[in-house]
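Here the protein sequences line up with chains E and C, keeping their order.
Counting in my numbering, the first sequence tops out at residue 200, every number present.
Counting in my numbering, the second sequence tops out at residue 254, every number present.
Rather than coming from a laboratory, the hints here were simulated on the basis of the structure.
Mixed in with the good hints there might be a few duds.
Short, incomplete list of chain E residues facing chain C, as computed with Cβ under 10 Å [what the hints assert, rightly or not]:
#1 Met24
#2 Gly28
#3 Arg72
#4 Leu96
The beta carbon of each residue, even a glycine, is placed where N, CA and C say it ideally should be.
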Amino acid sequence: METSDYELVMRSRGGDDDAFRFLVERHSRTIYRAAYRITGNAADADDVVQESFLRAYRALARFDARAQFTTWLHRIVVNCALDLIDARRRREGRIDDGEDLGQLPSRAASPDRIALGSELQRAIETALDALTGKERTAFVLRHFEGMPLEEIGGILGTQMNATKNTVFRAVRKLRQQLQPFTGTPV
Amino acid sequence: MNHVSQEELVLCYYADPGSEGAQEHVARCEECAGELARLAMVLDRVTPAEVPEPPAGYEAQVWRRLHWRLRRERRPAAVWMKWGAAAALVVVAFTSGLLWKKRSEAPDRAVTASSGEAANAEANGAAGRDRILLVVVSDHMARSERILVELTNMTPNGGVDITAEQLRVEELLASNRIYRRTASERGEDSVATLLDELEPVLMQLANGPSTLTADELRGIQKRVETRGLVFKLRVVRAGVDATPAPPLQPNI
Numbered sequence: 015m016e017t018s019d020y021e022l023v024m025r026s027r028g029g030d031d032d033a034f035r036f037l038v039e040r041h042s043r044t045i046y047r048a049a050y051r052i053t054g055n056a057a058d059a060d061d062v063v064q065e066s067f068l069r070a071y072r073a074l075a076r077f078d079a080r081a082q083f084t085t086w087l088h089r090i091v092v093n094c095a096l097d098l099i100d101a102r103r104r105r106e107g108r109i110d111d112g113e114d115l116g117q118l119p120s121r122a123a124s125p126d127r128i129a130l131g132s133e134l135q136r137a138i139e140t141a142l143d144a145l146t147g148k149e150r151t152a153f154v155l156r157h158f159e160g161m162p163l164e165e166i167g168g169i170l171g172t173q174m175n176a177t178k179n180t181v182f183r184a185v186r187k188l189r190q191q192l193q194p195f196t197g198t199p200v
Numbered sequence: 003m004n005h006v007s008q009e010e011l012v013l014c015y016y017a018d019p020g021s022e023g024a025q026e027h028v029a030r031c032e033e034c035a036g037e038l039a040r041l042a043m044v045l046d047r048v049t050p051a052e053v054p055e056p057p058a059g060y061e062a063q064v065w066r067r068l069h070w071r072l073r074r075e076r077r078p079a080a081v082w083m084k085w086g087a088a089a090a091l092v093v094v095a096f097t098s099g100l101l102w103k104k105r106s107e108a109p110d111r112a113v114t115a116s117s118g119e120a121a122n123a124e125a126n127g128a129a130g131r132d133r134i135l136l137v138v139v140s141d142h143m144a145r146s147e148r149i150l151v152e153l154t155n156m157t158p159n160g161g162v163d164i165t166a167e168q169l170r171v172e173e174l175l176a177s178n179r180i181y182r183r184t185a186s187e188r189g190e191d192s193v194a195t196l197l198d199e200l201e202p203v204l205m206q207l208a209n210g211p212s213t214l215t216a217d218e219l220r221g222i223q224k225r226v227e228t229r230g231l232v233f234k235l236r237v238v239r240a241g242v243d244a245t246p247a248p249p250l251q252p253n254i
């Protein structure tokens, strides 16, 4: 029978490196995918995987035995990814708080290029990239991962109304950016 | 008839709890049903980009890199060396900035004391280091601000798990001490004062329990709010960010 995450965490706490290695090997791919969806590129996702396991290791002593290890780890991953996006945007000199779509340069594809599916996918990625770190994270968790708003709020540290607003802002911006593809008014 | 708002339509699309009333309305209202269909036309097309599969053996790779970092971290001497080096770096950066500032305040001295090219290269180097330092401090304040905002937005009902936040706070606390000391030595009073106010709050969070009771959370939120820490961080950071990059001296 496969050793449970809980047992591996307990053994890791006691200094058993092999136990922590099992946890790393068991969850690396899953959290890589989660990190990729938030950061949007492989190099950043890989950095998030490393940093998340490091933070998790440092916090093992505080892991609450009643919690699911995967939920706990996921929360760390999302926070690491958010930190990374924020740092990257600061380096690039992009504003990340309270920015209005009207202030962003529209990078949406022109209508004559909308027939191609790959163009649409690229436009979606560009539109996601134009969101703030928090908006992107909230949208990815709600839309792609189907996570309930309450849980998203728990991860982002926001109350229900603020979480709803974050998702709503993300949807509004995406609709505006993707308008050439859908032809629907915003 | 009151139609559903755009926000409610988004909740309807995801069939989120609390949207039942709006869903009932949409079922009866042609106009709102049309709006929801238009929203769905966009959101249905937003599918996740294909995540490239990591290479075979990725798990082992992750572990190898991680294990190396863990072993380094567990050596106590290495920890102190790391912080010592970081502190030294910051002190050098601050001092360089100070020197640059003094130098720019007395341009005559700088020009006459050295032959042009060497003086300009040195001034450019110091200016660059000063800029890097400002970016580092600004980044520290932005991260602190974000975590305080997150904490003040948490709902104090039952036990709140702040394990992930504590990890971030521990890192911030270590940096905060270094930046506060050096800012004070450099005479950057507004930065030093703010970091001095921030430190006890960070310390309380880092050393406190990882699951907060409603009262404990309320206490922390009150402490942050009564001191106006978030606002002060925003103001001081705006000042730091607005500091213009010094003009580069051409190497003649």
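Verification of the hints:
1. Met24: 16 Å, violated
2. Gly28: 14 Å, violated
3. Arg72: 6 Å, holds
4. Leu96: This hint holds: Leu96 (chain E) lies near chain C, its Cβ roughly 8 Å from the closest one there, short of 10 Å.
Hints 1, 2 from the earlier list are contradicted by this structure; the remaining hints agree with it.
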